[in-house]
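Enquirer: Each chain, written out:
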Amino acid sequence: MLETLQLYFSYPFVRYAFVVGILIALCSALLGVTLVLKRFSFIGDGLSHVAFGGIAIASVMNLSNQMILVLPITVVAAIILLRTGQNTKIKGDAAVAMISVGALALGYMLMNVFSVSTNVSGDVCSTLFGSTSILTIKGFEVWLCVALSAVVLVVFILFYNKLFSVTFDESFAKAVGTKTDHYNLLIAVLIAVVIVLAMNLVGSLLISALVIFPALSAMRLFKSFFSVTVCAAIFSVVCAAAGLIISILAGTPVGATIVTVDMVGFAIFSVIGKIR
Amino acid sequence: MAEIKVENLALGYEGDALVENLNFEINSGEYLCIVGENGSGKSTLMRTLLGLQKPMAGNIVFGDDLDSTQIGYLPQQTLVQKDFPASVYEIVLSGFQGSMGLRPFYSHKEKKEASDALERLGITQLKHRCYRELSGGQQQRVLLARALCATKRILLLDEPVSGLDPSAQTEMYQIIRRLNLEGVTIIMISHDVHASLHFASHILHMGSQIFFGTTEEFEESPIGSHYLLKEKKTLGGGHICDLDRVAKIKVKEGK
Ligand SMILES: Nc1ncnc2c1ncn2[C@@H]1O[C@H](COP(=O)(O)OP(=O)(O)OP(=O)(O)O)[C@@H](O)[C@H]1O
Ligand SMILES: [Mg+2]
Chain U
1 MLETLQLYFS YPFVRYAFVV GILIALCSAL LGVTLVLKRF SFIGDGLSHV AFGGIAIASV
61 MNLSNQMILV LPITVVAAII LLRTGQNTKI KGDAAVAMIS VGALALGYML MNVFSVSTNV
121 SGDVCSTLFG STSILTIKGF EVWLCVALSA VVLVVFILFY NKLFSVTFDE SFAKAVGTKT
181 DHYNLLIAVL IAVVIVLAMN LVGSLLISAL VIFPALSAMR LFKSFFSVTV CAAIFSVVCA
241 AAGLIISILA GTPVGATIVT VDMVGFAIFS VIGKIR
Chain R
277 MAEIKVENLA LGYEGDALVE NLNFEINSGE YLCIVGENGS GKSTLMRTLL GLQKPMAGNI
337 VFGDDLDSTQ IGYLPQQTLV QKDFPASVYE IVLSGFQGSM GLRPFYSHKE KKEASDALER
397 LGITQLKHRC YRELSGGQQQ RVLLARALCA TKRILLLDEP VSGLDPSAQT EMYQIIRRLN
457 LEGVTIIMIS HDVHASLHFA SHILHMGSQI FFGTTEEFEE SPIGSHYLLK EKKTLGGGHI
517 CDLDRVAKIK VKEGK
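As given, the protein sequences belong to chains U and R, one line each in that order. In this text, residue positions in the first sequence follow this note's numbering: the first is 1, and each later residue adds one. In this text, residue positions in the second sequence follow this note's numbering: the first is 277, and each later residue adds one.
Everything labelled a hint here was simulated from the structure, so no lab data went into it. Any given hint could turn out to be false.
[Claimed, not checked] Here are the computed lysine to any residue pairs in the SDA-like style, where the Cα-Cα straight-line distance is at most 20 angstroms:
| # | chain 1 | residue 1 | chain 2 | residue 2 |
| --- | --- | --- | --- | --- |
| 1 | U | Lys179 | R | Ser344 |
| 2 | R | Lys281 | R | Gln415 |
| 3 | U | Lys174 | R | Arg396 |
| 4 | U | Lys174 | R | Ser501 |
| 5 | U | Lys274 | U | Ala256 |
| 6 | U | Lys174 | R | Pro331 |
| 7 | U | Lys223 | R | Gln415 |
| 8 | U | Lys179 | R | Gln415 |
| 9 | R | Lys330 | U | Lys223 |
[Claimed, not checked] With the Cβ distance kept under 7 angstroms, some of the chain U side facing chain R (calculated, not the full set):
| # | residue |
| --- | --- |
| 10 | Glu170 |
| 11 | Ser171 |
| 12 | Thr180 |
| 13 | Tyr183 |
| 14 | Val228 |
| 15 | Val230 |
For clarity, every value in this text was computed on a predicted model and none was experimentally measured. Glycine is no exception: its CB is placed at the ideal position from the N, C-alpha and C atoms.
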């Protein structure tokens, strides 16, 4: 078993994949806390479908580097979703549902009609659920992932206190002069970046799991914003590492394995939370 | 020049005006109490002053370089989600956000001030407790501590003593009074007309009849005497909360 791991880790691309996977897990957990508490998780879900549509367009256009196209599309969609969610009181989530289902349908259609690949359903499946073996991103995309994760991390740390105040009580924050609209926008953009990143790891349908499970698990055990944030980050990193290793050893699909480990972690945390 | 001047203000929701032609002004260092029946638009007025909603008509003019970062606010209700993880200390510190601009972390001075605010409100022992597990009155104190951290010039309070026990009410009035003596302008919504008359320099009465003037003018006005009469009947002039003890600060601090 150890030998298999050793063999795998002797390949640089596996090591890169591991590092990238862990960074992505870290970023999505950190933002996940804000997302869940701000009741923005529906936006995350909608965006992952938009990102799928973006990938479909990119693959039809035969771009070698899909992220370059998918990232701006998702960021724009995040801003639009945030605006519609705020302006219309009731129809916010309906608008999200519309955009996300629309993007999904459009993406699938594009891939079917225009694809040059012989294995369309295989392509669709790996976009939706992540690649079947360890991450397939390489070269430039690895560095782009690392750089983007680093940016997300730094921005999160620098704006941590502001994100707390905007999340806890937005009207108070606004009343005392915090630029809440700017921070909401910042959150939306960060979410979009994290989602595009996370797509590489678990595929577009499973992203929400990466965002939601760590936050919800940490909230079972901890009661201050800081401890929840730290716990969610550790939880997510541990689960992602475990999931990656299991998927190497057992040959299971990466995304699904990580999410399964997340679910097990959540169950354990819930039980501990109940017992205490 | 007035800190806040309200001119022909109309308040309301979705095209229906609650109040029209509201005019009043408040100068630096004054203590304004807003009284009136439930649903008369007091909270709405406060939210409008804070810029949380748009007036339907009229103007709100702020005095010299007064901006929202110098305002402290205690909302009537804070709808915090049931499962929100936040410690008391984190919440109180967040009061400084408005004045921090883009600076990312709290300074030592701010941390000390936050601890002082907790001390002042007698909730130091709750510092690391989870907010959602506190009682209503304890939560109220936490939010007041946060408002104290936010304020430099003006403090807007929406029913600050509701839900507090009598001795906590006395303390709360004491704290507000002391802040006022230190030069902070106070705008407070209250159903406790008796206490309002005791401390406020000005009264704004909202409802079917609108009145604005000094406390003395209010006592002599028809609405004011109506209230005083009711007060005598129901409470027999007595009051649960020890207002005289609060008023003594005035003498002690020599103002
Ligand atoms: N978000 C809202 N949308 C529509 N109408 C509202 C909204 N908030 C309040 N109102 C209405 O505006 C009126 C005034 O409400 P407001 O909260 O300002 O009263 P208040 O004077 O603060 O009362 P109380 O003493 O009970 O706190 C009420 O009739 C209420 O139904
Ligand atoms: Mg009210």
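Enquirer: Confirm or reject each hint.
Expert: Taking the hints in turn, this is what the structure says about them:
1. U:Lys179 <-> R:Ser344: holds, 11 angstroms
2. R:Lys281 <-> R:Gln415: violated, 32 angstroms
3. U:Lys174 <-> R:Arg396: violated, 25 angstroms
4. U:Lys174 <-> R:Ser501: violated, 38 angstroms
5. U:Lys274 <-> U:Ala256: Distance of about 27 angstroms is beyond 20 angstroms: violated.
6. U:Lys174 <-> R:Pro331: Roughly 16 angstroms between the alpha carbons, so the hint for U:Lys174 and R:Pro331 holds.
7. U:Lys223 <-> R:Gln415: Cα-Cα ~15 angstroms, so holds.
8. U:Lys179 <-> R:Gln415: Given that 20 angstroms is the threshold and the Cα spacing comes to 25 angstroms, the pair is violated.
9. R:Lys330 <-> U:Lys223: Roughly 36 angstroms between the alpha carbons, so the hint for R:Lys330 and U:Lys223 is violated.
10. Glu170: violated, 10 angstroms
11. Ser171: With a closest approach of 5 angstroms, the U:Ser171 hint holds.
12. Thr180: violated, 10 angstroms
13. Tyr183: violated, 10 angstroms
14. Val228: For U:Val228, the interface hint holds, since the closest Cβ of chain R sits about 4 angstroms away, which is under 7 angstroms.
15. Val230: violated, 11 angstroms
In summary, the structure is inconsistent with hints 2, 3, 4, 5, 8, 9, 10, 12, 13 and 15 from the numbered list given earlier, while agreeing with the others.
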